[in-house]
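In case you want the letters, here they are:
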Amino acid sequence: MDFLRQVAQQRAVTRRDFLRSVAMTGAASQLFGFSPLHAAAMPQGQKTVVVTFGGGARDEETFAPEGQENIPHLLNELIPQATFFTQVVNRGILGHYVATASLATGVYERFDNFADVAPKNPTVFEYFRKGLNRPANDAWVIAPSNGFNRIGQSDGSLIVPGMGAQVILPKHLLASALNKTSTASAGMEFLLQDNYEDLLFTPPAVQSELGPAKLTEMLHLSVDDFAHHAQTLSSADELSVYVMRQLMKQFAPSLLWITLHDMDVAHTGAYSLYLEGIRRTDRLCADIWQMIETDPEYKGRTTMLILPDFGRDSDFSASGNGFQHHRTGDPLSRTTWMMALGPHIRQNLTVDRPLDSLDLVPTLGAMMKFATPSAKGKPIAEVLG
Amino acid sequence: MTPGGLQPDSFAAYPPQARALVVEHLNVLKRMPLILLAALLRQVIQYDWSFPAEREQLVRQLNLLNQLDAASFGSLVSPFAAIPLTSELSKFDWVNHPQPFSEKLTAYLWEQHLSDNYHSVAQAYQQYLEKALPQSQPVTPRWTIVVIGRGSQQTQYSLFRHLMPQGLLFTKLDPSGALETLSAAVISRAQQHPLEYGHWYIDGGEPYSVAAEDSRLTTMSYARLVPAAKREFALLEEFTSRGASNGSVGVEAVGSYIVGLSPEDLSLKGSASDAPLRHFEVNLVTQGAGCQIFSTTFVQWAARECLHRAQPLTLFARFSTRQCNAPMEQLLTRDPLQQPQEAEGSLIDADMGAYYTWINQSRLPGADESRFLVWFEDHNLACAIAPALPKGKTYTGAITMRQVLEHMA
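Just so you know, the sequences run in chain order A and B. In terms of the working numbering, the first sequence opens at residue 1 and continues consecutively. In terms of the working numbering, the second sequence opens at residue 1 and continues consecutively.
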């Protein structure tokens with residue numbers, strides 16, 4: 001793994017250089033030692049929003065100089081308010097469901113990415129609910145439907161069952177709404193698109209205690225309104241963020257996890273669609289932060305963490321095909337970044353030391369005061385303040 | 001079955017030339033660790049339909065291994081033997097099904113966190129081969145010409161951004177007659193340096209007739225392969241529906257089924273002499289992702305595989321527009337040639353495709369002497385990479401395509 005560390009370090013340098021060049025206020029103040037300690041004591045009733053990209057993004061299309069045009073919101077709006085970690089290394093299996101499950105358990109899960117299985121190890125949602133004795137509606141996951149329906153709860157072998165997060169698959173919700181309403185589905189099929197990783201793979205049938213009908217009822221969504229509003233959206237990820245907004249209004253969950261997925265269209269090999277996905281994700285990240293900052297239940301008490309699950313293959317890895325996949329396991333496909341924003345997070349801070357993807361769960365545990373006994377990794381000091 | 005137990009009869013199901021090859025090298029194959037042997041057999045079983053460059057590489061590799069003394073052979077292959085295998089994998093019919101074995105092995109290596117280990121072992125083996133068996137230089141410098149943007153108009157996107165640092169940008173190229181000039185240049189090279197599967201023309205739509213009709217070029221087009229891709233999807237749907245009635249069908253089962261498809265299964269017809277091309281086409285549509293549904297992906301992937309496998313002296317790749325995006329369920333069932341096209345997105349796809357084609361050409365022997373040209377079809381913009389041309393510069397004077405080619409020569 002020495003080579004992996006070296007490459008990760010190189011990427012970190014690239015990202016730091018880039019931040020220095022484009023975000024002069026933030027980077028300069030950090031460079032010259034004027035980093036403001038814009039942090040307050042951790043408030044009571046704090047909440048956490050985790051945004052993962054279930055479709056890796058590379059530096060070339062994001063933080064490298066040539067990629068900056070694709071992420072104006074991350075760079076100009078969010079990074080100046082954030083602590084930015086320039087190297088997060090994923091040493092697990094590079095499939096989106098299994099990698100996201102690993103992020104959620106703090107252990108590199110080893111199951112078949114395409115299998116209909118729950119993570120073996122307890123999820124952060126179970127630790128949270130069990131540790132803080134929280135009700136079911138206080139932890140939610142919004143996820144694409146390509147196998148993610150089992151991500152809210154482990155298989156129960158290592159923790160008492162029934163303490164997981166409720167999982168919403170917006171695609172299933174919309175499909176159900178379209179079946180029940182007179183709204184024509186024509187023209188909205190693109191909102192149902194969220195499986196790119198294996199173009200020929202049919203995800204297992206969703207089995208959930210929370211059927212779409214129950215969910216729309218819980219979210220107080222009028223089926224007609226939901227279907228009509230969906231017509232104004234342009235992608236599956238936009239639908240996910242819309243559902244997230246409803247969820248925040250209705251339950252104001254303390255632990256909310258959303259996986260954005262549009263950019264994984266890269267698997268089709270269409271570079272322009274991959275870039276579109278990145279740009280949309282960039283805008284949606286800013287929208288989510290805006291939602292947090294304008295919602296009284298969340299404003300001033302919410303930490304948001306944004307991180308891709310992993311990268312994508314390098315252009316120069318002979319066994320891969322560049323941005324299209326994440327199959328080679330090369331260092332660039334394993335190295336990514338993380339951004340943290342919130343009242344107790346220092347602004348304009350860039351951290352170059354390497355983190356492991358598994359550090360997320362112990363960090364959430366330490367931040368929100370619950371134990372994460374099976375999770376590997378270490379709490380990230382810079383997030384804890 | 002263990003490698004040591006292999007007999008000539010073990011390969012009874014192999015195609016004739018492949019069988020002869022393994023029988024000739026049976027002694028060395030019997031001494032190989034299973035992981036390496038299965039990887040080699042994956043190539044051997046395709047031998048009858050391989051391109052000349054692939055055949056040469058495989059035979060040279062087997063001859064080299066055969067000639068190594070016991071100590072050198074042992075130290076070269078023993079790292080593969082150190083990777084533990086399950087009994088399930090060892091008992092698999094890896095002789096007759098090396099590709100499905102490879103898929104199972106990949107899943108196992110990921111699951112056991114052994115993939116990094118495998119990669120480093122395989123890389124060391126590859127480096128040894130590259131050093132011991134330097135590839136022969138091409139008889140004449142390789143030329144790759146990529147034409148992008150058919151059907152697209154000007155764009156705000158900065159074209160050739162990745163290639164410009166490597167070559168000379170022309171901003172006032174006269175587009176009139178340029179396609180004819182390129183086509184004639186490609187045919188002329190095929191005439192001067194006749195070589196089986198040495199000169200290729202790949203088109204993302206209906207091919208340009210002058211080039212397509214020249215028998216000295218190996219021609220492939222997306223328009224021709226769409227029916228094969230649709231046939232593949234239909235067969236897959238049939239397979240998964242059949243399987244679903246008996247339970248679920250896993251990704252590996254689907255993968256194994258696809259690998260087993262033949263040109264006949266996909267209704268790809270041709271003569272015995274062009275069997276390698278038919279099998280190549282099957283490999284493209286069954287192993288590529290997205291090349292069935294998007295013509296831009298098809299050209300990029302076909303060019304990559306062509307360069308990697310056939311190592312041609314000349315490649316002429318012409319991108320066209322692709323269909324607009326849609327949910328996968330629709331993309332897999334509708335006819336891509338009958339859909340609205342997305343011009344600007346196709347141009348961006350093709351621009352990246354051109355860059356990847358240059359990278360793939362740069363991996364071949366003789367890269368330092370190779371020539372590469374990309375042109376925005378019907379427009380004034382082109383970028384040329386050649387030993388005699390400066391890098392990262394722009395030529396703003398008026399120029400014809402013929403003159404550009406002369407500067408590159």
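Worth flagging that the hints you see were computed from the coordinates, not collected in a lab. Any given hint could turn out to be false.
[Claimed, not checked] Okay, the calculated beta carbon distance ranges per label pair:
| id | chain 1 | residue 1 | chain 2 | residue 2 | range |
| --- | --- | --- | --- | --- | --- |
| 1 | B | S176 | A | D352 | 51 to 57 Å |
| 2 | A | K378 | B | G243 | 53 to 59 Å |
| 3 | B | E130 | A | K369 | 22 to 28 Å |
| 4 | A | D352 | B | S158 | 44 to 50 Å |
| 5 | B | Q123 | A | G156 | 37 to 43 Å |
| 6 | A | G156 | B | G392 | 55 to 61 Å |
| 7 | B | E130 | A | G300 | 56 to 62 Å |
| 8 | B | R60 | A | S319 | 18 to 24 Å |
| 9 | B | P340 | A | A381 | 41 to 47 Å |
Ideal Cβ positions, reconstructed from N, Cα and C, are used throughout, including at glycine.
- Message: Between the beta carbons of K378 (chain A) and G243 (chain B), is the distance compatible with 53 to 59 Å?
- Response: The hinted range 53 to 59 Å is violated for K378 (chain A) and G243 (chain B), with Cβ atoms some 44 Å apart.
- Taking the CB of R60 (chain B) and the CB of S319 (chain A), does the distance hold inside 18 to 24 Å? holds, 21 Å
- Do the beta carbons of E130 (chain B) and G300 (chain A) sit within 56 to 62 Å of each other? holds, 60 Å
- Message: Assuming the hint says 44 to 50 Å, is it satisfied by the Cβ distance from D352 (chain A) to S158 (chain B) or not?
- Response: violated, 30 Å
- Item | Consistency of beta-carbon spacing, G156 (chain A) to Q123 (chain B), with hint 37 to 43 Å | For G156 (chain A) against Q123 (chain B), whose Cβ atoms are near 41 Å apart, the range 37 to 43 Å holds.
- Query: Cβ-Cβ distance between E130 (chain B) and K369 (chain A): within 22 to 28 Å?
  - Reply: violated, 56 Å
- Message: Verify the CB-CB distance for S176 (chain B) and D352 (chain A) against the hinted window 51 to 57 Å.
- Response: Once the Cβ atoms are compared, 54 Å apart, the range 51 to 57 Å for D352 (chain A) and S176 (chain B) holds.
- Please test the hint of 41 to 47 Å on the beta carbon pair from P340 (chain B) and A381 (chain A). violated, 53 Å
- CB-CB spacing for G392 (chain B) and G156 (chain A) relative to the 55 to 61 Å hint: holds, 60 Å
The structure fails hints 2, 3, 4, 9 (numbered hints given earlier, in ascending order).
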